[in-house]
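Undergrad: If you read the sequences in order, they're chains A and B.
Numbering of the first sequence is given in this note's numbering, commencing with residue -3 and proceeding in unit increments.
Numbering of the second sequence is given in this note's numbering, commencing with residue 390 and proceeding in unit increments.
Since the hints were made in silico from the structure, they are not lab data.
A few of these clues could be false.
What the hints assert, rightly or not - Taking lysine to any residue pairs in the SDA-like style, the calculated list, with each CA pair at most 25 Å apart, reads:
#1 B:K414 <-> A:T202
#2 A:K164 <-> A:A8
#3 B:K500 <-> A:F247
#4 B:K414 <-> A:E201
Claimed, not checked - The following residues of chain A were derived to be distant from chain B, with all beta-carbon distances above 12 Å:
#5 I(-2)
#6 V21
#7 G73
#8 S121
#9 N132
#10 T202
#11 V211
#12 L265
#13 S266
#14 M293
Here a beta-carbon is modelled for each residue, glycine too, at the ideal position from N, C-alpha and C.
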Amino acid sequence: MIFAVAALVLAALPLWWPDPYVLSVVASAGIFIIAAISLNLLLGYTGQLSLGHVAFFGVGAYTTALLSLGFDVALPGLDEPWVVAPQPVWLAFASAIAVAGLFGWMIGQLAFRVRGAYFVIVTISFAQVMRMVAINWVDLTEGPMALNNIPPLTFWLPGAGVVELVSKASTYWLVLAVALLSYLLVAALVHSRVGRAMIALRENETLARSMGIPVTHYLRIAAVGAAAIAGAAGGLYAHTVRIIDPDVFMFMFTITMVIMVIVGGKGTLSGPVIGGLLFGLLPELLRGWLAPEVQWMLYGTLMVVILVFMPRGIVPALVRRRTRPARPVQSSTPAVAKEVA
Amino acid sequence: MNGLVQGSTYALLGIGLTLIFGIMKVVNMAHGELYTLGAYVAYGFVAVLGLNYFGSVLVAAVAGLAIGALIEWMLLRRRNLAAMDEVMLIMIGVMIVLQNAELLLWGGVAKAVPSPFTQEPVVFGAVSVSPIRLFVLGTALVLLVAFYLLIERSRLGLAMRATFQDKDAAKIVGVNVSRIYTLTFALGSCLAAVAGALLAPVFVVNPTMGDLASLKAFAIVILGGLGNLLGATLGGFALALIEEFGAGYISTAYRDAIGFLVILIVMIVRPQGLFTSKERVG
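All chains should be built: construct the whole structure from the sequences, respecting the hints.
TA: Shown next, in the form of structure tokens:
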């Protein structure tokens, strides 16, 4: 109910506040909210702290940009260069989601052999390698010179044919639609048998394993889903900003997503949305009267304070206040595990 | 030869990180920022105040100790080191704050620190090396040996090793575990700051140099096995040499990527590290 009302209010935003600046700010916040929603699937529901999530975002951005622009690149072992003509934007965008999902599967194969600190370091390294490739494979990515003139997203309208989404309002609606879809997708996944298995393995992996839950299988599902949604966010980013360079793989983007999830409340559906709105809109509000460095210091401090005093984030803290007395959290685990197995 | 110089500072970075991880189970994401801090202390002393470079290394060491102790005392102690993930995120917060404080204080422009030695290279037969690099290598080696002796021979080292093995048992036999934690974090931070100060005249100093340093430090620690001091030392030299040779024979452009590829490969083949049979300190 709240969800439907919120969705309607958000969808109507361009009607009652058609300022293009406001819409583009909210749309770019929305792109990061999508990324945060996807990260939450891994971090919040399976409990795997991935600090390389920006890799999927960047892979999505580069895939859709390269396919919609077309490219030719010499590959070792091939006499002829590999030529790809410019593809329709919707196809490029869909491929971005698919390719990012594929990377998610690959990284899942690789990284889920290890846990804890090792997992984190593998994911960071992966994102760094992707960044180095984007910088150095100039034939394909133009390196630091960036890919320019990425076409805007298109949409097929009955009667009007293919429409380019250039107006701020249409971009906004598209981002909103993808965000709602990702939210519903994650919600459905989390409330299904798969989601219960993920939570079970987050709470107690050994127990989950002993109950016969194929842990790696569910981790892989989470990784592919999270990567695909992050790829969609990256694709949206590429088509709205219309220019991308290797900075889309910056560690700070991962940090932004992590802060959104942590501050909002990991493992809750609305957490990344609340955190994302906060950290997506705050920079714009603070712009002009705080230097960016001071802003970042503020975010860092806020993150530390929240982790120390409110380790579960804003949303659970609010919910718990409303439904006192708090129910015991620990005891639910075995029941969940039993239900899944 | 450049590989050895680089390797010795890598080893200093790696030892600090692996010590903190091994004893406290804290993944210090802010390690690179302490390295940057050391470099800036050297810059402030030598280039701005016109003071002695050797003094600046000492001051960097003290600053590293102080800040490390402060971070541990203010943030980590409270959390009682409950969940590794949360602590890691707290350290990321610290990293963001430190890095932006550095940006704010010194601006984004890279700074050069003048070398206290002549540019005249010292020649040993076929190899020639600048005196500053020789000094970096020598100091780093002395520190590595001193540190090794501290861990292996002193009472403090004994207490640290005991805490590493089993912190509850250590507590029972009268080790002040929380004091060991503070000391460990301070010492690890100190080593990172010294590494930064040592390398400042060799490279330029800039506020984001810590990012790469952090990641390199992780690569080193992974190579050696988390919590393994000797492994971290060897890992530091190994990574520097791999990078040098990779840059020489494959491509200079991918120099920094090689480190991460090495991590990925080691992780797949031998997640427990190359030099570890089982986890231990020393």
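Undergrad: Each hint should be assessed against the structure and marked as holding or not.
TA: Checked hints:
Between K414 of chain B and T202 of chain A the CA atoms are separated by roughly 20 Å; this keeps the pair inside 25 Å, and the hint holds. The suggested pairing of K164 of chain A with A8 of chain A holds, with an alpha-carbon distance near 14 Å, which does not exceed 25 Å. At most 25 Å may separate the alpha-carbon atoms for a hinted pair to count; K500 of chain B and F247 of chain A meet this at roughly 23 Å. With a CA separation close to 20 Å, the supplied pair K414 of chain B and E201 of chain A stays within the 25 Å bound.
No Cβ of chain B approaches the Cβ of I(-2) of chain A within 12 Å, the least distance being about 29 Å, so the stated non-interface status holds. With 12 Å as the threshold on Cβ separation, the claim that V21 of chain A sits away from chain B holds: the shortest Cβ distance comes to roughly 22 Å. The claim that G73 of chain A lies off the interface holds: its Cβ sits roughly 17 Å from the closest Cβ of chain B, which is beyond the 12 Å cut-off. The claim that S121 of chain A lies off the interface is violated: its Cβ sits roughly 4 Å from the closest Cβ of chain B, which falls inside the 12 Å cut-off.
With a least CB separation of 5 Å from chain B, N132 of chain A falls inside the 12 Å interface cut-off, contrary to its annotation. Every CB of chain B lies more than 12 Å from the CB of T202 of chain A, the least distance being 16 Å, so the non-interface label holds. Its beta-carbon lying about 17 Å from the closest one in chain B, V211 of chain A satisfies the requirement of being farther than 12 Å from that chain. Non-interface call for L265 of chain A relative to chain B: holds, since the shortest CB-CB distance, roughly 20 Å, exceeds 12 Å.
In this structure S266 of chain A is separated from chain B by more than 12 Å, as the shortest Cβ-Cβ distance comes to about 20 Å. At the 12 Å boundary, the C-beta of M293 of chain A falls inside the reach of chain B, the nearest C-beta of that chain being 5 Å off.
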